[in-house]
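Go by the hints and put chain B onto chain A.
Protein chains in written order, with my numbering: chain A, 1 to 111; chain B, 112 to 223.
Bear in mind the hints are in silico, worked out from the structure with no lab data behind them. Backbone N, C-alpha and C define an ideal beta-carbon position, used for all residues, glycine too. There may be inaccurate statements among the hints.
What follows is a set of in silico ranges between Cβ atoms, one per label pair, in the way DEER data are often shown [said to hold, decoys possible]:
1. Thr76/A with Arg187/B: 42 to 52 Å
2. Lys15/A with Asp118/B: 31 to 41 Å
3. Asp168/B with Ser87/A: 13 to 23 Å
4. Glu167/B with Gly3/A: 18 to 28 Å
5. Asn52/A with Lys153/B: 24 to 34 Å
6. Arg64/A with Gly169/B: 39 to 49 Å
7. Gly71/A with Ser139/B: 48 to 58 Å
8. Gly169/B with Thr78/A: 36 to 46 Å
9. Arg152/B with Lys57/A: 27 to 37 Å
10. Arg177/B with Gln84/A: 40 to 50 Å
11. Val74/A with Glu126/B: 15 to 25 Å
12. Gly71/A with Ala131/B: 40 to 50 Å
13. Asn138/B with Asn52/A: 25 to 35 Å
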Amino acid sequence: GAGVSQSPSNKVTEKGKDVELRCDPISGHTALYWYRQRLGQGLEFLIYFQGNSAPDKSGLPSDRFSAERTGESVSTLTIQRTQQEDSAVYLCASSFRRDQYFGPGTRLLVL
Amino acid sequence: RKEVEQDPGPFNVPEGATVAFNCTYSNSASQSFFWYRQDCRKEPKLLMSVYSSGNEDGRFTAQLNRASQYISLLIRDSKLSDSATYLCAVNRASNAGNMLTFGGGTRLMVKP
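With the rest of the complex left out, here is chain A:
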């Protein structure tokens, strides 16, 4: 079946611009997670959605980062006024119970 999909796969932007990243979870998965992975490093949790509950935003690094999810479907992660340190791979994962399945990620480069 279809896995988690993300778009765009690559994004190059200029410092100060806003970017929007999209995640389509696996159908039926109630939980959705966003992570960030800098080059050569582990995954850093950003935000978690579970059904219609309020999201857990405890991992967002600054107020420039926000995310939305409509019901149990698509999620968008928005980064406003991008900085060079935002350059990373942004990974989305979804789960029904314990196991999380990742999308291919969006590679963001801020010049």
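Below, chain B without anything else, positioned relative to chain A:
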């Protein structure tokens, strides 16, 4: 101290060798543990969950040591295709969900 720690490696082993990685975690209340495999420039893929009694999947064996707060992954008869970064993940027990904290990964290189 980091919540989840791994030796970054690289572990360079010949084909056919047995190799083991450990991953330590700091939150004694953590309940779910996982090993993921990540190939270069790819997303992490779930390799196996780690159960209290230990579990085996072919050449791969995962174990949990709650007393010492670590999980391990053993790979027997290493193949060239096992070359990858292995990430351990632990649930964040302070929440009701299943948010995971990942280690930085251990890089494995299997040589002919």
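Okay, the hints, checked on the actual structure:
Distance hint check for Thr76/A and Arg187/B: the Cβ-Cβ separation is about 43 Å, which falls inside the suggested range of 42 to 52 Å. Distance hint check: the CB atoms of Lys15/A and Asp118/B are about 36 Å apart, consistent with the given range 31 to 41 Å. Take Asp168/B and Ser87/A: their Cβ atoms lie about 36 Å apart, and the range 13 to 23 Å is violated. Between Glu167/B and Gly3/A the CB atoms are about 26 Å apart, so this pair conforms to the stated range of 18 to 28 Å.
At roughly 32 Å, the beta carbons of Asn52/A and Lys153/B sit within the given window of 24 to 34 Å. Against the hinted window of 39 to 49 Å, the Cβ-Cβ separation of Arg64/A and Gly169/B comes to about 45 Å, which satisfies the hint. At roughly 36 Å, the beta carbons of Gly71/A and Ser139/B sit outside the given window of 48 to 58 Å. The hint said 36 to 46 Å for the Cβ distance between Gly169/B and Thr78/A, and at roughly 42 Å that hint holds.
Look at Arg152/B against Lys57/A: about 28 Å separates their beta carbons, and that is inside 27 to 37 Å. For Arg177/B paired with Gln84/A, a C-beta distance near 42 Å keeps the hint of 40 to 50 Å intact. In this structure the supplied range 15 to 25 Å is violated for Val74/A paired with Glu126/B, their Cβ-Cβ distance being about 44 Å. The hinted range of 40 to 50 Å is satisfied by Gly71/A and Ala131/B, whose Cβ atoms lie roughly 43 Å apart.
Distance hint for Asn138/B and Asn52/A: a CB-CB separation of about 28 Å, consistent with the stated range 25 to 35 Å.
Violated hints for the displayed structure, listed by number in ascending order: 3, 7, 11.
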